[in-house]
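A.B. asks: Numbers 636 to 1156, taken from the numbering used here, label the letters of the sequence shown in order.
If you are wondering where the hints come from, they were derived from the structure by calculation, not from laboratory data.
Positions of the beta carbon are idealized from the N, C-alpha and C atoms, including for glycine.
20 Å max Cα-Cα, derived EDC-like pairs, lysine to aspartate or glutamate:
no., residue 1, residue 2
1, Lys892, Glu977
2, Lys1085, Glu740
3, Lys731, Glu899
4, Lys1146, Glu977
5, Lys892, Asp805
6, Lys1085, Asp805
7, Lys818, Asp801
8, Lys823, Glu1138
9, Lys892, Glu740
The following label-pair restraints were derived from C-beta to C-beta distances:
no., residue 1, residue 2, range
10, Ala921, Val1012, 17 to 27 Å
11, Gly806, Lys731, 22 to 32 Å
12, Val1046, Tyr712, 41 to 51 Å
13, Phe711, Lys1085, 43 to 53 Å
14, Ala929, Ala1154, 35 to 45 Å
15, Gly806, Gln686, 50 to 60 Å
16, Gly827, Val1046, 57 to 67 Å
17, Ser870, Ala921, 39 to 49 Å
18, Ala866, Leu1026, 22 to 32 Å
19, Val874, Val1086, 24 to 34 Å
20, Ala929, Glu1045, 18 to 28 Å
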Amino acid sequence: MKRPLLLFFASLLTPLSIFAQDAPGGWDQRINEAVQPITDAVAGTVFYAVQLGDSASTAMPLVIIMLLTAATIFTFYFRFVQFRRFKLAIDTVRGKYSDPNDEGEVSHFQALTAALSGTVGLGNIAGVAIAVSIGGPGATLWMILAGLLGMASKFTECTLGVKYRDVGPDGTVYGGPMYYLTKGLAEKGMPGFGKFLAVFFAIMCIGGSFGGGNMFQANQAAQQFNSMIGATSGSAGLVFGIFLALMVAIVIIGGIKRIGSVTEKVVPFMCGIYVLAALIIILGHASLIPQAFAQIVSGAFTPAGISGGIVGVLVQGFRRAAFSNEAGVGSAAIAHSAVRTENPASEGIVALLEPFIDTVVVCTMTALVIVIFNTDVHFVYGDVVGNNVLLSATGERVGGVTLTSIAFAEVIPWFPYVLTIAVVLFAFSTMLSWSYYGLQSWMFLFGRSKVADYTYKILFCVFVVLGSAASLTAVTDFSDAMIFAMAIPNLTGLLILLPRVREEVNKYVRKIETGEIKAVK
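Just need the whole structure built from these sequences, with the hints factored in.
C.D. replies: As structure tokens, then:
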């Protein structure tokens, strides 16, 4: 199996090598034109939309409906575990029940930050601005609800990730959906089906790691940084990309241990800076906070001027939460599998904190800043063209990162510089996590050898440079579709293996209650 798969991936890379030989300035366009028909077909399938109302804004991708439906099932099946075990999650991530001698490579906190670094990023800055622009303040409430439901999905997949992981003779951990789909479904008498789902997931994950987890991040970071310093040279993106690739290489060569040691510092720092800046804006307009929350609540149920009404608002909020925290996609289960523990449910409980931090905290902060900023009606909710709103003061249309930057800069004039640093750090940390996700999938398909290890890491760094130097929109769009295609095999496995998760969580809680697991902090 391994040789045909290697040839398959080589065939995917061939267009890059051919077009890269062309003159600068034209090869990226040629790649986009070559890949666009494939992208349209794949994205059209993965993001097939179900019309929930009369307006175009009420179209919900079927994969998002699947993710939300599964999250709701998990929430009820585990009797609202995200609320009942929230304190236990805090205690566990603090190391209260940790044993440093357990198998694994990273601590609970390092595993959490490694997974968070893959989700806390540009979606929290740009995506939320787009959701609020289109759906109005009410989209925030539905976004929070989806984030709370997603906590149960993370709990489920990360518990299974630890339960079915492999630990090599040297202590290296190999885990993720590839392993619980293979082993878990084999236990259920479906080895062939499980293997098929695992291979499909791994292929999609590798593609996602090169595009959405790499090239898109590098491209956005390069654009933001070069814009801040005023770099207009055609080689500016290339220079930035080489520097960024070197920084990524230094970290990922050390594996998950080094990634975890970096993310445990970078993630709290970047989230802390961003949330602090948001709190300065919010508390600086304390008198407007009640009005902002009133708009969020009323706008969720009785939106004014929003295309599609309440359904349109709900769709925007749910879409943003799903794209932001990736709960149910399966990527986070790979990072959490590396944790040092003998109790799979302990990491599942820690993992439920991820959507809470990513969506309920960070995304909500962005939304509140934009809603408070717009109490003076700087733009009209729902009046959107190409995801951009019309600013009444300047007459220009802006959206995404730019709109968020303007909202922050109204109170903190120098915030665009902070935002640039945040974007670069968010992109950098996202690439670190996705390099690990892709590598684990790569080694699942091609074997656990040094050759496979370094081949993937070299390719990953090459794509960092490509992403910084060129705008390969068709490639990154194709990759986004692959990321969400991961949800199909993952959710299938999760639903089949739910009883295994319940066994593990009951076992873990019982051990704590009986004193078999003793508090150490």
